[in-house]
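Okay, here's what each chain looks like letter by letter:
There are 2 protein chains.
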Amino acid sequence: MNFRNKLEKIIRKNNSLVCVGLDTDLEKIPRFLLKKLDPIFSFNQAIIKSTYDLVCAYKPNIAFYEARGEKGLRSLKKTIAYLRKNYAEIPIILDAKRADIGNTSGQYAKAIFDYWQADATTVYPFLGHDSVRPFLEYKNKYIFFLIRTSNPDAKMFQDVKVKNQPYYLYLAKKVKRWKEKNTGVFCGATYPKELRQIRQIFPDRPILTAGIGAQGGQAKLAVKAGVNKNGLNLICNSSRSIIYASSGKDFAKKARLATDNLRKEINQYR
Amino acid sequence: MNFRNKLEKIIRKNNSLVCVGLDTDLEKIPRFLLKKLDPIFSFNQAIIKSTYDLVCAYKPNIAFYEARGEKGLRSLKKTIAYLRKNYAEIPIILDAKRADIGNTSGQYAKAIFDYWQADATTVYPFLGHDSVRPFLEYKNKYIFFLIRTSNPDAKMFQDVKVKNQPYYLYLAKKVKRWKEKNTGVFCGATYPKELRQIRQIFPDRPILTAGIGAQGGQAKLAVKAGVNKNGLNLICNSSRSIIYASSGKDFAKKARLATDNLRKEINQYR
Chain A
272 MNFRNKLEKI IRKNNSLVCV GLDTDLEKIP RFLLKKLDPI FSFNQAIIKS TYDLVCAYKP
332 NIAFYEARGE KGLRSLKKTI AYLRKNYAEI PIILDAKRAD IGNTSGQYAK AIFDYWQADA
392 TTVYPFLGHD SVRPFLEYKN KYIFFLIRTS NPDAKMFQDV KVKNQPYYLY LAKKVKRWKE
452 KNTGVFCGAT YPKELRQIRQ IFPDRPILTA GIGAQGGQAK LAVKAGVNKN GLNLICNSSR
512 SIIYASSGKD FAKKARLATD NLRKEINQYR
Chain B
272 MNFRNKLEKI IRKNNSLVCV GLDTDLEKIP RFLLKKLDPI FSFNQAIIKS TYDLVCAYKP
332 NIAFYEARGE KGLRSLKKTI AYLRKNYAEI PIILDAKRAD IGNTSGQYAK AIFDYWQADA
392 TTVYPFLGHD SVRPFLEYKN KYIFFLIRTS NPDAKMFQDV KVKNQPYYLY LAKKVKRWKE
452 KNTGVFCGAT YPKELRQIRQ IFPDRPILTA GIGAQGGQAK LAVKAGVNKN GLNLICNSSR
512 SIIYASSGKD FAKKARLATD NLRKEINQYR
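Chains as they are written, first to last, in my numbering: chain A, 272 to 541; chain B, 272 to 541.
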């Protein structure tokens, strides 16, 4: 099954647009887990077990695993294998934000889709079409092009005017013309106006968004701006405000509560 | 010693602006190496042994190692350890082209500088200053901001006009104002005009360039455009045309020859 079908199916089944960001940082997980053989994996496993019926996707950001080198990457491998084995219907978006010239992009695509076995990933379109083609050749996989990021300084280079419009809109319109259809876009939930413009350009495709929660994005504005006309295809990632909802023994329970609260809040505005 | 001093020292010692790109692909290395325990490491080791006195840096692109998963990353770890142990005076630029919001960038910086122990890396400035700050905090390390890439479609999004100038120049001028000084820039050698403009903005800082050789960049134009007024601080990366100069038993010897030819060609125009 391709990514898009998988996504739409789970959105309906779990009645959820929430994606849990598995940005697991050894310094932030409950201290009692540190005595486990693989604290990062144990943490992820507990979070997944506690939230799988409330989400439409999981999104590990690979940076958090790379930071711990070989060990970290092993925890990620185990996390992905665990998801595949037990919750195969939930798509895995491996957030890696890659971009390089074609020859090198091909290697990144291999890493993300063949080695990591992710269903989808994030890519900068900044180097042009020849640079992203190797990703797009994985027809059953999905690529979210980063169009407008969620951080405060995003304005600096993404909002400058190009042909009477902000650069991110110029990007979005060009990307839309590329013939491959296994692509969606990313826009930060902290910028609902921008998200609305991007939804207008891509009326139906999946949009990945982030920043509701720790980064201060408001659910109401972002959801109204980002869902398609059927109230679907907006993937709302939340990491820190879910996975670190508690630093005690009850962290998984509190993560479930935070996920469900966010799910319900989002569903109000779909 | 910080990166910049290390670089200037080795440029003078080896009288070279050549950086060898260790973009090692299992499918392209000589077949007889496949019977080795770690063919990628054996290949890299032979290339390094054969070229160390002719280069100013080595630049592994991490994508080629990531593509092979855990195994590939172990080959990279061994390659970096081998360089550190035997050729500590040669800087290692780990080409990773990372970019994410600040919180995540911090994890990437940890990966690249703490785990991988690289001297320098490549980063997209596209998300603005808050996104790159964690990299810049490693004061002895060096960050090359990707300003203008070397691929044919780079034009698509990097040359659009912003305030009466191409986007890449707008990026370069803004980046120049950032107070941190442990930064240089990247511009493809395939675009000598653009390289010249970027050198004018950064009259003295190290510039990383690539594409002389396999990508068709002409040494003469690129070198004249890119060196500083003392004929220094241009790092000319070449990968495929050096490391795959021969696919036979003589690959290391031929790599040396290709490196030396490029070195001499570049030195003519410094």
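What the hints contain is simulated information worked out from the structure, not anything from laboratory work.
Keep in mind that a hint or two might mislead.
[As the list claims (entries may be wrong)] In silico lysine-lysine, BS3-like type, Cα no more than 30 Å apart, as pairs:
#1 A:K491 with A:K447
#2 B:K348 with A:K348
#3 B:K307 with A:K381
#4 B:K445 with A:K444
#5 A:K447 with B:K307
#6 A:K381 with B:K381
#7 B:K348 with A:K445
#8 B:K445 with B:K307
These numbers come from a predicted model, not from an experiment.
Going through the hints against the structure:
1. A:K491 with A:K447: Roughly 26 Å separates the two Cα atoms, so the pair holds.
2. B:K348 with A:K348: Cα-Cα ~19 Å, so holds.
3. B:K307 with A:K381: Satisfied, since the Cα-Cα distance of roughly 23 Å is no more than 30 Å.
4. B:K445 with A:K444: holds, 25 Å
5. A:K447 with B:K307: violated, 47 Å
6. A:K381 with B:K381: holds, 24 Å
7. B:K348 with A:K445: This hinted pair is violated, its Cα atoms lying about 39 Å apart.
8. B:K445 with B:K307: Violated - the C-alpha atoms of K307 of chain B and K445 of chain B are around 48 Å apart, more than 30 Å.
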